[in-house]
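Start from the sequences, fold in the hints, and give me the full structure.
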Amino acid sequence: MFSLDAGNTWTRFQSMPGWTGGGFGPAVAVSADGRFIATGDEKGISVLNVSLGSWVRDSNTYGANWESIACSADGRIMVAAAELDVAYISTSWGTNWLRLGFMPLRTWVSIACSADGTKVALAGFNAPTYISTNSAATWYPANAATNCWLVNMSADGSKVTASGPNTNAFFTSTDYGVTWTTNYMLQPTVHLISSSPDGTALAGTDSTNLWRSTDSGATWTNFGPVAKYRGCTLSADGNVLAGQRNDTNIWIARYTPMPRLAIAPRNTNVQLSWTVPSAPFVLQGNTDITTTNWVTLTNLPSLNLSNLHNQVSLPQIGNQGFYRLRTP
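Under our numbering, the residue at position 185 of the sequence shown is numbered 187, and the numbers go up by one with no gaps.
Read the hints as simulated data drawn from the structure, not as lab findings.
From the three backbone atoms N, C-alpha and C, an ideal C-beta is built for every residue, glycine too.
One or more hints might be untrue.
Just the calculated beta-carbon pair ranges, DEER-fashion [unchecked claim]:
| id | residue 1 | residue 2 | range |
| --- | --- | --- | --- |
| 1 | 177 | 93 | 21 to 27 angstroms |
| 2 | 223 | 30 | 22 to 28 angstroms |
| 3 | 180 | 270 | 26 to 32 angstroms |
| 4 | 101 | 286 | 38 to 44 angstroms |
Below, the structure written as structure tokens:
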């Protein structure tokens with residue numbers, strides 16, 4: 003099933019090509035704009051174009067037991083990891099796939115990529131985490147992060163987190179996986195960590211709880227009902243978190259988003275940018291901050307796929323201008 007409104011309502015997947023009625027595999031990826039959804043099972047990888055309502059299944063990936071799929075922000079580049087196999091990559095929205103035969107055979111359980119799809123991280127059982135910075139052409143092992151079950155990557159690919167059970171720690175890198183820091187958590191049972199695109203917001207699971215951190219894992223607070231969870235994820239701004247329980251229920255927590263508005267000069271204009279929020283906001287401007295004369299701007303923001311930021315370029319308003327984001 004998939005949701006287009008932050009989990010308020012859900013739509014059941016329509017039958018895929020070759021689907022025989024069994025369950026979908028654990029491997030699912032969604033593009034940043036929600037237009038493409040990829041899922042894998044023992045029959046292959048299928049990609050749904052939401053706007054067209056049609057599935058594309060690739061026959062070159064039959065026979066693999068898919069554990070994880072990730073995709074670039076626009077969905078064009080997809081990478082997939084399989085059990086007792088290698089990694090695969092597609093640069094055609096999942097239409098065709100290339101098997102990366104030079105990778106060692108392992109039980110690969112997690113794969114992640116940057117927003118542009120050029121940086122990739124791969125993790126598996128009894129293996130180091132592997133990193134690629136050239137669209138999966140070559141890889142190098144990150145020996146500090148070994149036997150991890152979940153790997154995440156920031157939008158630009160510079161920040162990588164890797165985690166696994168029974169380690170009492172998770173591993174972080176801020177230089178594309180070249181060097182790593184071991185982070186021993188105050189809540190030692192947290193594992194299977196997901197991160198926001200900038201790496202500051204984290205969500206994690208343990209045997210009975212869901213956990214949230216807003217300071218890159220320095221401190222944690224638990225949320226959600228007590229239960230056994232299979233995994234978790236969170237929105238780009240880190241304020242919507244979802245956890246999947248073993249009983250197939252999905253629990254969603256929503257926190258009040260407070261997006262930070264960044265302002266930078268751009269020739270004779272000013273460029274405003276902010277992380278894609280999990281709730282609607284409007285951009286307003288004012289020439290005198292001491293007044294209440296805020297005007298809602300009609301300029302539509304564009305999505306920067308490299309960092310998942312909304313951005314607007316505006317002419318300077320008078321000698322001074324002030325801007326804010328406000329809920330409608």
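State, for the Cβ atoms of residue 180 and residue 270, whether the hinted interval 26 to 32 angstroms holds or is violated.
This hint is violated: roughly 40 angstroms between Cβ atoms.
Taking the beta carbons of residue 101 and residue 286, is their distance inside 38 to 44 angstroms?
violated (51 angstroms)
Cβ-Cβ distance between residue 177 and residue 93: within 21 to 27 angstroms?
The hinted range 21 to 27 angstroms holds for residue 177 and residue 93, with Cβ atoms some 26 angstroms apart.
Outcome for the supplied range 22 to 28 angstroms, where the beta carbon pair is residue 223 and residue 30
Hint holds: Cβ distance 27 angstroms, inside 22 to 28 angstroms.
In terms of the numbered hints stated before, the structure departs from hints 3 and 4, listed from lowest to highest.
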